[in-house]
Amino acid sequence: MSLFDPFSPTTRLRCACGAHSSQAEHDAQPLSALEQGVQAGSFDAMNRRALESAVMRAVFPDDAERRRFIRAVGQRTAQAAVASIVPFGALEAMAQDRKGSLEKTDLKIGFVPITCASPLIMADPLGFYKKQGLNVTMMKTAGWALVRDKVMNREYDASHMLAPMPLAISMGAGSAAMPINVATIQNVNGQAIVLANKHKANRDPKNWKGFKFAIPFDYSIHNLLLRYYLAEHGLNPDTDVQLRVTAPPEMVANLRAGNIDGFLGPDPVNQRAVYDEVGFIHVLSREIWDGHPCCSFGVPAQFVKENPNTFAALYRAILTAAAMARDPKNRPMMAEVLAPANYLNQPKAVIEQVLTGKFADGLGNVRTVPERVDYDPYPWYSMAVWILTQLKRWGYLKGDVRYKDIAEQVYLLTDARKHMAEVGMAAPKETYRKFKVMGKEFDYAKPDEYVNSFAIRKA
Amino acid sequence: MRSAATTQRLRASLLSLAILCAVLALWHVLTIKPEQALPPGMTAEYAAMMGKGAEKTDGLPSPAQVGRAFITHLSDPFYDRGPNDKGIGIQLAYSLVRVALGFGLAVLVALPLGFAIGMSPLLSQALGPFIQVLKPVSPLAWMPLALYTIKDSSISGIFVIFICSIWPMLINTAHGVASVRREWLNVARTLEVGPWRKAVEVILPAAAPTILTGMRISMGIAWLVIVAAEMLVGGTGIGYFVWNEWNNLALPNVIFAIAVIGVVGMALDWLFGRLQLMATYRE
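These protein sequence lines map, in sequence, to chains G and X.
For the first sequence, our numbering assigns the number 1303 to the initial residue and increments by one for each residue that follows.
For the second sequence, our numbering assigns the number 266 to the initial residue and increments by one for each residue that follows.
What the hints contain is simulated information worked out from the structure, not anything from laboratory work.
Here the structure is a predicted model, which is why all the values come from computation and not from measurement.
Please note that the accuracy of each hint is not assured.
Listed next, the in silico PhoX-like pairs over lysine-lysine satisfying Cα-Cα at most 25 Å (straight line) [stated by the list, open to error]:
1) Lys317(X) - Lys1500(G)
2) Lys1660(G) - Lys317(X)
3) Lys1650(G) - Lys1631(G)
4) Lys400(X) - Lys416(X)
5) Lys1406(G) - Lys416(X)
6) Lys416(X) - Lys1650(G)
7) Lys1607(G) - Lys416(X)
8) Lys1706(G) - Lys1720(G)
9) Lys1650(G) - Lys400(X)
10) Lys1731(G) - Lys1706(G)
11) Lys1502(G) - Lys317(X)
12) Lys1500(G) - Lys298(X)
13) Lys1508(G) - Lys1760(G)
Let the sequences and hints guide you as you build the complete structure.
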């Protein structure tokens, strides 16, 4: 919140944000994501301030004169006087008026209290939803199965989901089929394999036969990454270890009780296990696949069809929030906002370590990994294809899978790109890309060959 | 005689108090943690990141921590900080309304049906197996089915309370109605009392204590169920409160919630106990 009050006699009106000595210098500076968001029309109050500042600069080209005027008549009078000749409200409306009328303004959006949901949550207290004319209620939800059911019941208009969920639900794997679209990826990276403290000396996965691991959901990137990781080390995740679906808070409690040996869980649960001194971070998920998607923003296709303008407004709000969340400067502020009971309900110290990437690993080291979690919203089709190959590999999908068709149907990449341009975010030109998972290249053009290239998989 | 009873009650209260003090003292002693010096080689930064020196739960919280949780929640029971963070008073109100709805529905179904079963041995034998099979099903087992078919989580919650609390009432009503003394029914028959009047003025008062016992058990079950249901469905209510605090592993708050659930459950039970006393008669 860097905009200065143009009606205060003490502030110097130098540039739009107040941090530079002149408007020219301000313009020369590269914009931070937050300011880009402001320019794209996201902060209600800040927008108004910017507008007011612009008007005041026009009325009083000499800043000293403006300050004298305000001191003389008082702040309120000055504000009222200028407002009487300049229709701020109308100007503001004009500034925002590039949307059609909203079909639905009261929305319920589900989330599970983990840091993956940060942009979605932050858009609420920062007023990004309101700015788009949406009245969004953020509904904290107790688990992924419940998210699925509440979205399918249309109790939620849209929801934070695990990346594989929209693909699985659209295909009817693990539930009745219902087309769900992925508007954006919520976050990339930001997960970790955590092991109980008793395994501090047992870091080689080859010795992990018989281990019990917790995962948040079958259709989760956590499950797929853990299986991949174990299989690369020669363990068959279906026969050599036990994988248990466990709600995140139970992960820490179970680790403490010795019921499980470790988990691949979402943050802040991983860091919480370290904080509570029951486990240590074995590897971050980015060490398995750097840039892997974790959660996505899922919207039922029917909602998209019935409410195109509302959906576009929602899109802009979410993307503005993503741009805000990507900026490392905003991370400490986010930790502060996310910590209370209404949102994540976790100690601030834990969330801050996750978001800033400067954290205690539970082994006595302070690690600095700024890329521990990122909020890149771009829904690469290739991500969807990889997820589908793994679902196929482990038998969650049977028969022939039309990888590309499904990916392109579920992931709204074209829309994402369009709306990213609207809020001033740079979007890549490509729609697919190759990447490496634990050093092994994934070629999105040959998904079936990729599945068959793994020695360990479900027959 | 009377004074002896009073003395006993006084002694019992003193004993209760003593037990409470002993438990608290033992709890306090068990949860005393030695002042921890930083382990050798640990930097101050690492220690801060591990939450050393910060207030955090490590195992069972101490009575003082729990006491503070009581004070925090009871001093401001009706705050509302957004849809996912409301005061304990508001959460309790949500739970009580849900229980009242589910239990009320169960009463509406169980009483007439119980009457019918009690009056007709044929119906009793025909419905018996169904009741016996459905009675022991846990609320947690009903929930997925309800969610998936009713397609509304709040109605599902109420349905689960309904389906779990109906059985004791149904069985007790049927039993109470069936075991009304023959003589009274015969007297009614001799006096040529109409069936409606017989039901309301002879059978109902005679069976009332048994029916109320069933209701009392049902209410206990409904209160048990609500916590489980709200933990599953979330959003509001005391069960959600427990889940939300558990999510933060904030055990003092969980213990506080346990105490609140216990006290409210006791109050509900006491209420039905009074009703039961009022309906009891001497033969």
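Going through the hints against the structure:
{"no.": "1", "hint": "Lys317(X) - Lys1500(G)", "result": "21 Å, holds"}
{"no.": "2", "hint": "Lys1660(G) - Lys317(X)", "result": "17 Å, holds"}
{"no.": "3", "hint": "Lys1650(G) - Lys1631(G)", "result": "16 Å, holds"}
{"no.": "4", "hint": "Lys400(X) - Lys416(X)", "result": "24 Å, holds"}
{"no.": "5", "hint": "Lys1406(G) - Lys416(X)", "result": "21 Å, holds"}
{"no.": "6", "hint": "Lys416(X) - Lys1650(G)", "result": "36 Å, violated"}
{"no.": "7", "hint": "Lys1607(G) - Lys416(X)", "result": "21 Å, holds"}
{"no.": "8", "hint": "Lys1706(G) - Lys1720(G)", "result": "21 Å, holds"}
{"no.": "9", "hint": "Lys1650(G) - Lys400(X)", "result": "46 Å, violated"}
{"no.": "10", "hint": "Lys1731(G) - Lys1706(G)", "result": "18 Å, holds"}
{"no.": "11", "hint": "Lys1502(G) - Lys317(X)", "result": "20 Å, holds"}
{"no.": "12", "hint": "Lys1500(G) - Lys298(X)", "result": "22 Å, holds"}
{"no.": "13", "hint": "Lys1508(G) - Lys1760(G)", "result": "19 Å, holds"}
This entry does not satisfy hints 6 and 9, going by the numbered hints stated previously.
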